[in-house]
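*Asks:* Here the protein sequences line up with chains A and B, keeping their order. The opening residue of the first sequence carries number 1 in the numbering used here; numbering runs sequentially from there. The opening residue of the second sequence carries number 1 in the numbering used here; numbering runs sequentially from there.
Hints in this document: simulated from the structure, not taken from any laboratory. All C-beta atoms, glycine included, are put in the ideal place defined by N, C-alpha and C. A couple of the hints might just be wrong.
Counterexamples of contact, computed for chain B against chain A with all Cβ distances above 10 angstroms [what the hints assert, rightly or not]:
id, residue
1, Ala72
2, Val75
3, Tyr93
4, Leu94
5, Ser115
6, Leu159
7, Val170
8, Leu183
9, Trp225
10, Met226
Listed next, the in silico BS3-like pairs over lysine-lysine satisfying Cα-Cα at most 30 angstroms (straight line) [claimed, not checked]:
id, chain 1, residue 1, chain 2, residue 2
11, A, Lys496, A, Lys211
12, B, Lys192, A, Lys22
13, B, Lys192, A, Lys559
14, A, Lys318, A, Lys573
15, A, Lys458, A, Lys211
16, A, Lys458, A, Lys34
Restraint ranges, calculated between C-beta atoms of paired labels, are given here [claimed, not checked]:
id, chain 1, residue 1, chain 2, residue 2, range
17, A, Lys318, B, Ser136, 47 to 55 angstroms
18, A, Thr214, B, Thr87, 54 to 62 angstroms
19, A, Leu358, B, Ser136, 28 to 36 angstroms
20, A, Ser260, B, Thr87, 19 to 27 angstroms
21, A, Leu517, B, Tyr146, 36 to 44 angstroms
22, A, Arg485, B, Ala67, 44 to 52 angstroms
23, A, Phe25, B, Trp56, 27 to 35 angstroms
24, B, Ser194, A, Asp535, 40 to 48 angstroms
25, B, Leu180, A, Ser260, 52 to 60 angstroms
26, B, Tyr208, A, Leu358, 30 to 38 angstroms
27, B, Ser136, A, Arg485, 38 to 46 angstroms
28, B, Leu180, A, Ser18, 49 to 57 angstroms
29, B, Ile147, A, Gly261, 31 to 39 angstroms
30, B, Ser90, A, Asn74, 50 to 58 angstroms
Single-letter residue listing:
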Amino acid sequence: MDATSAAHAAQHHAPPTSFIRKHVFSLDHKVIGKQYYALALVAVLIGMALSWLMRIHLGWTDVAIPGLQVLSPNGAPGGKITPEYYLSLMTMHATLMVFFVLTTAPFAAFGNYFLPIQVGAEDMPFPHFNMMSFWTIFVGFCVLISAFFVGDGPPLSGWTAYAPLSAIGKAGGPGQGTGQVLWATAICIFCISQLLGALNFISTVLDMRTKGMTLARLPVTVWAWFITSCMGLTAFAVLMPATILLILDHVAGTSFFVASGLVINDQLIPHSGGSTLLWQHLFWFFGHPEVYIAIVPGMGIVTHVLVTNMRRPMLSMKAILYSFWAIAFLSYMVYGHHMFVSGMNPISSLAFSFPTLLITIPSTILVLIWIGSLYGSKLRINSASLFALGFISMFVSGGVSGFFLAQPSIDIMLHATYFVVGHFHMVMGVAAMFGIFSGTYFWFPKMTGRMMNETLGKVHFWLTFVGTYCIFMPFHYLGWAANVRRYASFTDDYIKPLIPLHQFITIAALFTGAAQLIFIYNLIYSRFKGAPAPDNPWEGTSLEWSMSSPPPWNNFGGKDPVVYHDPYQYGVKSSTGTDYVMQNSPEKIAAGED
Amino acid sequence: MATTIHEPPNTEVRRQPARREAGNSGNGGWQNLAPSEGNLRAVDEYSPPPSSSAIWVGIAAITMSFAAFTSALIVRQGSSTDWRHITLPSILYLSTLLLLVSSVTLEVSRRRVASFMGGLKGQVASPGRWLYVTLSLGLLFVACQYIAWLQLRSKGLYLATNPNSSFFYVFTAMHALHVLGGLGGLVRVIRKLSTSVLRRSTLDATSYYWHFMGVLWLYLFLLLWMKL
């Protein structure tokens, strides 16, 4: 047997030959990663368009949006958004963004592509599960989007789908019938996809590491994806049963979440004895770890990008990893802070408040290490590192408001206001998006074999950075001014003076959204016309930079890389005159440098 | 500071077992397992490492899901005034017995297949026989669960009749769905064994999963017996 066939003999799957196997039902983790990225891109464009509709309505409530009546004749008659349809738009915006963008892009997309490569594997241990994972999420996405086109449209109970509104069917309002069932079904399917993904991620890290790749030598991104997988495994395994029970309340007449004697719109709801709080407990047991499922991969990406561009190690990589673990552990102890206004025992509130404040410690440690490591470094300024810095800025700005919201006495006042909207959009939404952007500019050369345009990338960064601050910082002020959230329009006297600020936010949102067209253009143009990328354009040290750009289908050409060093050997003097030594270089580094 | 030693990045060529012809499903090959010659040792040594942890990851996820269902049951019971005791169908005792026995038969078959794969091919006739027995017992278990549902229906207890019946149907149906997954795994093992491409880790993982289904059912049966 010749060497080539011998190499192929040991692959996890044969080289793809047909178009379908190469690009559609691919078993290659890299193709699946790109499929996840494409799905997240479609989802974020839809989600952003929905936010524009909401923002226009909030700024100019009576304005008719041309063409919207075609999408929903009942929800937007004559193009004017009804209050109910506003809530539907909000529900779909949040669901798309949280599940199909913030969970999908930094974790599933980049993780699928780079995790096996960074541990030195040629693929994940279960390529068929991996493929199923993507196509399952794709089905979930289609089911969710189909809610726009059925009956009364999408549900209006928010991405949290609080019972009993979410469990009583059409009596709950437009979209609460078929639309809500489709929502719950989509999320249930999404959970299955995530569980399949987490299974592969965890077993890849535990079982597929190449020779020399000890746990201590794993790049920080691998740790971030691994920890996220552990969180996802436990969190989505709880959300899935919750959605099943919710669906049964809808379609089978059970009473898990609907209490007795509930009268809505003068109509007695034929359920008995259910617990509305039960849904909140199950949902937020998932929901708070979900916040970290969205942000921890971004933290890993940002650390990876920064350390590469600083050209020197972080102050303490161990402290970063311990902080990741602490955040993951504590994320299960804090979920009750979402329920301070749900009628919680004050002692329970305190019990949830304390770990919530505690979780700020590892978060602060992370920020201090990032900033302390940056201090005095000669950071290479490029699009990836700019977005990494932007991530830190957003995480700090949004995180500071978390100190307030962690305390029940303050949260009770602010919970239903725009203060919370500003908080979670900055600390979880925009920060995670900046992590995605940073990862995209950093890894695009490896994924496509072409460089992105740096000038456009920097313009994109500054417009996005300034724009998102213009959008989300005023939210905090609105919250202090008692501007309630989830309202479709503001007619109360005390809120009317705030409408000009809403109009400013809307204009900022439209401009910032338009700025994303630069990114889309850069993405598409560079994919086909960008300058050819060298194998290691950023002079990185981890294994993804040891292969061609883009990598071959079997990553390491049927061979196993051997790892000799910790992942971030920067600031050393190699024999070739460079300031770094790659992980798979057998070059010896003097004691104290490795 | 680095020394002056410099060599190009290193890789190791993966060692391959000798194969007589490409596409042979026996010893080695990218399916990498195969006891057609009866000796799996060489294949185990050369093939890419199987994932031994994945099954435990899967079991952890399933455990978490049923913990969520359990907490739902406890909270629902505590918050309601419509909790009505139901008598569990007696056929559940039989189904419990079937599932426990199936774990024993699977363990017997696992040892026989292991002996077969370890080179004792001539001494182990029909290594898959007990797998078929396990498969049959598993199918009988699912049939018994179905009969239990019919018995409840005959008493007028449907999914939405009261919270107790709701939880009964949900718990047993979710467990049965997972058992069906295990049956699919068993079918896969039998198919692979019959074509001589069974990997030891596949057999082990399927066995662990099946035993877990038994343990999970014991827990659920006890929970339903105590709470409903």
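*Asks:* Output the numbers, in ascending order, of every earlier hint that fails for this structure.
*Replies:* 1, 2, 6, 7, 11, 15, 19, 21, 22, 25, 27, 28
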